[in-house]
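Participant: What follows is each chain in one-letter form.
Protein chains: 4
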Amino acid sequence: MNVSFLGLGNMGRPIARNLLKAAVDLTVWNRSAARADELVAAGARRAETVADAARADVVCTMVADDAALEQIAWEGRLVELLPRGAIHVSMSTTSVALAEKLTAAHDARGATFVCAPVFGRPDAAAARKLFIVAAGPDPALDRCQPLFDAMGQRTFRIGQEPRLANLVKLSGNFLIASIIESLGEAFALVRKSGVDPNQYLELLTGTLFSAPIFRTYGSLIAERRYQPAGFKMPLGLKDITLALDAARAATVPMPLASLIRDHMIAALAQGFSDADWSALGELAARNAGIRA
Amino acid sequence: MNVSFLGLGNMGRPIARNLLKAAVDLTVWNRSAARADELVAAGARRAETVADAARADVVCTMVADDAALEQIAWEGRLVELLPRGAIHVSMSTTSVALAEKLTAAHDARGATFVCAPVFGRPDAAAARKLFIVAAGPDPALDRCQPLFDAMGQRTFRIGQEPRLANLVKLSGNFLIASIIESLGEAFALVRKSGVDPNQYLELLTGTLFSAPIFRTYGSLIAERRYQPAGFKMPLGLKDITLALDAARAATVPMPLASLIRDHMIAALAQGFSDADWSALGELAARNAGIRA
Amino acid sequence: MNVSFLGLGNMGRPIARNLLKAAVDLTVWNRSAARADELVAAGARRAETVADAARADVVCTMVADDAALEQIAWEGRLVELLPRGAIHVSMSTTSVALAEKLTAAHDARGATFVCAPVFGRPDAAAARKLFIVAAGPDPALDRCQPLFDAMGQRTFRIGQEPRLANLVKLSGNFLIASIIESLGEAFALVRKSGVDPNQYLELLTGTLFSAPIFRTYGSLIAERRYQPAGFKMPLGLKDITLALDAARAATVPMPLASLIRDHMIAALAQGFSDADWSALGELAARNAGIRA
Amino acid sequence: MNVSFLGLGNMGRPIARNLLKAAVDLTVWNRSAARADELVAAGARRAETVADAARADVVCTMVADDAALEQIAWEGRLVELLPRGAIHVSMSTTSVALAEKLTAAHDARGATFVCAPVFGRPDAAAARKLFIVAAGPDPALDRCQPLFDAMGQRTFRIGQEPRLANLVKLSGNFLIASIIESLGEAFALVRKSGVDPNQYLELLTGTLFSAPIFRTYGSLIAERRYQPAGFKMPLGLKDITLALDAARAATVPMPLASLIRDHMIAALAQGFSDADWSALGELAARNAGIRA
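Those protein sequence lines, which keep their order, are chains C, A, X and L.
Note that this note's numbering has the first sequence beginning at 4, numbered continuously upward.
Note that this note's numbering has the second sequence beginning at 4, numbered continuously upward.
Note that this note's numbering has the third sequence beginning at 4, numbered continuously upward.
Note that this note's numbering has the fourth sequence beginning at 4, numbered continuously upward.
Keep in mind that the hints are not guaranteed to be accurate.
The following label-pair restraints were derived from C-beta to C-beta distances [to be verified]:
no.	chain 1	residue 1	chain 2	residue 2	range
1	A	SER222	C	GLY46	42 to 50 Å
2	C	GLU205	A	ASP248	25 to 33 Å
3	X	PRO200	L	ALA111	29 to 37 Å
4	A	PHE234	L	ARG38	53 to 61 Å
In the DSS-like style, the derived pairs of lysine-lysine whose C-alpha atoms are separated by at most 25 Å in a straight line are [said to hold, decoys possible]:
no.	chain 1	residue 1	chain 2	residue 2
5	X	LYS104	L	LYS195
6	X	LYS132	X	LYS24
7	A	LYS104	X	LYS104
8	C	LYS241	A	LYS195
9	X	LYS235	C	LYS195
10	X	LYS195	C	LYS241
11	C	LYS241	L	LYS24
12	L	LYS195	A	LYS241
13	X	LYS104	A	LYS241
14	X	LYS195	C	LYS235
15	A	LYS104	X	LYS24
16	C	LYS195	A	LYS104
17	C	LYS104	C	LYS241
18	X	LYS241	L	LYS195
19	X	LYS195	L	LYS195
20	X	LYS132	L	LYS195
21	C	LYS104	L	LYS241
22	A	LYS132	A	LYS235
23	A	LYS235	L	LYS195
24	L	LYS235	C	LYS241
25	X	LYS241	C	LYS195
26	X	LYS241	A	LYS241
27	A	LYS195	C	LYS104
The hints are simulated quantities; they were obtained by calculation from the structure and are not laboratory data.
Being a predicted model, the structure only gives us computed values, none of them experimental.
Ideal placement from N, C-alpha and C gives every residue a C-beta, glycine not left out.
This is chain C alone, in the form it adopts within the complex:
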């Protein structure tokens, strides 16, 4: 089985490296070619164009957003050139609507589309600790499973329709953003009232809120440390907006998602474009008149 991997950013590179380690016959491509050098040095074949990478048994894409994925699919001609019977595995967090469009486009040409976005940051990708949320036809998922095993610690299959994987991924990012927002408001309240933020954090994580996610975001907010960004505010806004788009398409109101979206926009308007999305906590502090 030969595999192509398109998109060698902070997430794509460590994942591709793990595929190489697992002895996968790998072709790589990236829009700015230099990013591929390290992988080529490690044994991957370099594709000069998307078209050059499209003739594989499995083509994985891991790109920034809908626009980048659309470019690969249509301008780059992946949809046109992917062989009958081959699989396109989209690992990006992109829209539910685009997943539907790609499902139809690949179907029409006898190929299969699979969505497999991941939970985890670059360090988790490097450590093969990603969680993979996969959706698509079972035979295709079965064929991809060895690849997923090489990339992550566990794969969750959540249905035959590829778009469901994106939906679930977006809902997960919504849940994380909700935790950030709630921590931001809680810290603003206790901080302004005179409670020591570090003691407060210790109390939270020592009691009901022991999951690492509370520790991670709680300490960023307790220390008001929003640089360097692990996940930038504009990306957070992109994902919450995609979640709300999907929710509208399903006619599901999500008022908490709307609230978070408004706060993210306010954060961007007030200069937090380069900050981590946990800077929602700083917005809550500012709204409470707490000075930097």
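Chains A, X and L: place on chain C using the hints.
Facilitator: This is chains A, X and L only, laid out in the frame that chain C set:
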């Protein structure tokens, strides 16, 4: 050191029992006296009135709300009769404003007020697994520490001002309610889109959301099982309203708390008075047009 | 019929003056006595205490808030001293809960409580252009009607229960605040996009939004002129909070009222305590990153 | 000057009729051709295709949404065939982004794009009472002015950039929706508390809220009469979503618009797809547990 314990509800009884087990010299009182029988049988002294229980070194109160605590303090004459140098430990989740009032009232008579609300449900109380959030003057907290050790697994001291313990407790309930609300919206989205709720729950708790709190509330929402209530909706509304009152007093906006409060009121208006507060998830489902 | 008027602030003074002009036999009282001088010079009798003013056929009160009205009613002994068959007309915007309490208290002593809050600012009061929202038993309202006619341009009777007048008044202030909030957000959007705010205002008021209320608040927001305040932000917050309290008591969610309340608290936290409540528009501008 | 009018729906037909009455040399086109019959009988020329109508001095379009306008512009080849120096006047309420795209597309071929959406319903269109919100280069607006005069009672010019007219129109619909939402919540509160809705409406419109817009929407909500729809809920949702999209592009948070959007989605999920957008008031009633 003799200790009185006032308020023998679902939380108060197991706590008082643990004090007896720790060989504390204990007097107990409850508005409806029958609730004290079991503890008296186990060795506690029965007080017929609040006044009868007020002359102790430490008086603990564990009651339903501000009104019940005010009644004990003023009509029941606890403030008047508590000896100089004695300590009143309020373990209820009551308002920050009442904590300020009781602090001043006890101070004026040479006694000390301490707030020590707890995180944990009755089963945690029985198992001595409560988390105790304590605030008050250090010498008073030091004297109470053996009692706290007999009640819970860990005590967090968060300041000299008693009211801060209530504030922190209320902020904790706000964080829990935020998790419920976000889960409710996420489940409405994925359920209506065709994802199996149990698979979704497994995915959440198997990845980033592994804390027991996600498991607890996630499974209630996945199964739409809101009876019997572990913590009833009206109590949730009471606590969120107290949090918002404290936030207003501190001039801190908490838009997510406001959103939750509105949803709780809508839930009560639509018949969820006896349901667990996780029925916020059912409200989210209804708002999305998902039928029971 | 002799009438007492208690509370001679910016609203009370012009109203009392109009009663004198209508040849009403008038006794006046104010906490700071100097405020009564002008009315006494114009023919009113001065009461030294509330008690001194309480023995009248009709006692009108027009004070700042619940606390001031409670003080007159109980510490000042109005409830105790108001003669059987007499009427207490409360014209302040106070809580629904206090209206219920005063209804019961006066009833118990054979007097009648009436609520008659007003729409209109001091200039409208001076010009006898107030709108009076009256609720109470019909015979009492009939007896008060000549007084209402001397104060305002029109009286609306909205029920037998006095509290309903407060509820309706509070709902009216909520509607005004909603208009302010919506204008604030709309102006932030068009201003940041490059539309001239004055042209925009002309368009709004020249088309669908021709009511004076849009002109008044629209021009304050277009010119970002929030001083001097016609109605201060903290009073706005007081009224929205009272509306939400009443809504909670009636189990009615009011999410827009909650949103406004949060924005008012944020405005206070950011230094708008002395500003007009239309400074909600400035908060919207700030949230959009628009500089002063 | 010859003029083409494309889109003969409930708004387009009466507008085109008024152009004929003003002796404009008019060509008409509609996707379902029968809608043109009446105008052809009255003297208009019938175009069989968009292309057939594209070679005019001024081409007006009045269609349902972005998709319909895009189809006319690109598939229908209006952009390609509109003569150099000619003007495309878009009167639909469409997105700010599409206005930008069409501005660039027409510019590139030496034609001019103008946006001129309108305030007013079909009866206002028939009565030449529309308000026209126009934006575009001044010379183009000057040339269109006689047409605008034939269509409406007043034209507001709000800038040289066509997209600004759409922005302003969308902001106006947001303001209307805000009034509906606030009335819905206020009526829910007073109705559940026992105030007669019709008396309440009379009070509102007799005092501060005298503009026709309060009368119109207030009476629909007071009578709970949401059929037949003057402006259907899905169209309201479309416009609020476009306003939020434009606001996001301008980095302006609009939390009240978000709240309204969520309620509209909830209304659609609960069966109000054919109802007037004032059925937001019914949603508020339901949320308060008020039965139909």
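Participant: Each hint needs a verdict: does it hold in this structure or not?
Facilitator: Hint check:
no.: 1; hint: A:SER222 to C:GLY46: 42 to 50 Å; result: holds (46 Å)
no.: 2; hint: C:GLU205 to A:ASP248: 25 to 33 Å; result: holds (26 Å)
no.: 3; hint: X:PRO200 to L:ALA111: 29 to 37 Å; result: holds (32 Å)
no.: 4; hint: A:PHE234 to L:ARG38: 53 to 61 Å; result: holds (60 Å)
no.: 5; hint: X:LYS104 to L:LYS195; result: holds (20 Å)
no.: 6; hint: X:LYS132 to X:LYS24; result: holds (15 Å)
no.: 7; hint: A:LYS104 to X:LYS104; result: holds (23 Å)
no.: 8; hint: C:LYS241 to A:LYS195; result: holds (22 Å)
no.: 9; hint: X:LYS235 to C:LYS195; result: holds (24 Å)
no.: 10; hint: X:LYS195 to C:LYS241; result: holds (21 Å)
no.: 11; hint: C:LYS241 to L:LYS24; result: violated (50 Å)
no.: 12; hint: L:LYS195 to A:LYS241; result: holds (21 Å)
no.: 13; hint: X:LYS104 to A:LYS241; result: holds (22 Å)
no.: 14; hint: X:LYS195 to C:LYS235; result: holds (24 Å)
no.: 15; hint: A:LYS104 to X:LYS24; result: violated (47 Å)
no.: 16; hint: C:LYS195 to A:LYS104; result: holds (20 Å)
no.: 17; hint: C:LYS104 to C:LYS241; result: holds (19 Å)
no.: 18; hint: X:LYS241 to L:LYS195; result: holds (22 Å)
no.: 19; hint: X:LYS195 to L:LYS195; result: violated (41 Å)
no.: 20; hint: X:LYS132 to L:LYS195; result: violated (30 Å)
no.: 21; hint: C:LYS104 to L:LYS241; result: holds (22 Å)
no.: 22; hint: A:LYS132 to A:LYS235; result: holds (21 Å)
no.: 23; hint: A:LYS235 to L:LYS195; result: holds (24 Å)
no.: 24; hint: L:LYS235 to C:LYS241; result: violated (29 Å)
no.: 25; hint: X:LYS241 to C:LYS195; result: holds (21 Å)
no.: 26; hint: X:LYS241 to A:LYS241; result: holds (20 Å)
no.: 27; hint: A:LYS195 to C:LYS104; result: holds (20 Å)
Checked against the numbered hints above, the structure breaks hints 11, 15, 19, 20, 24 and satisfies the rest.
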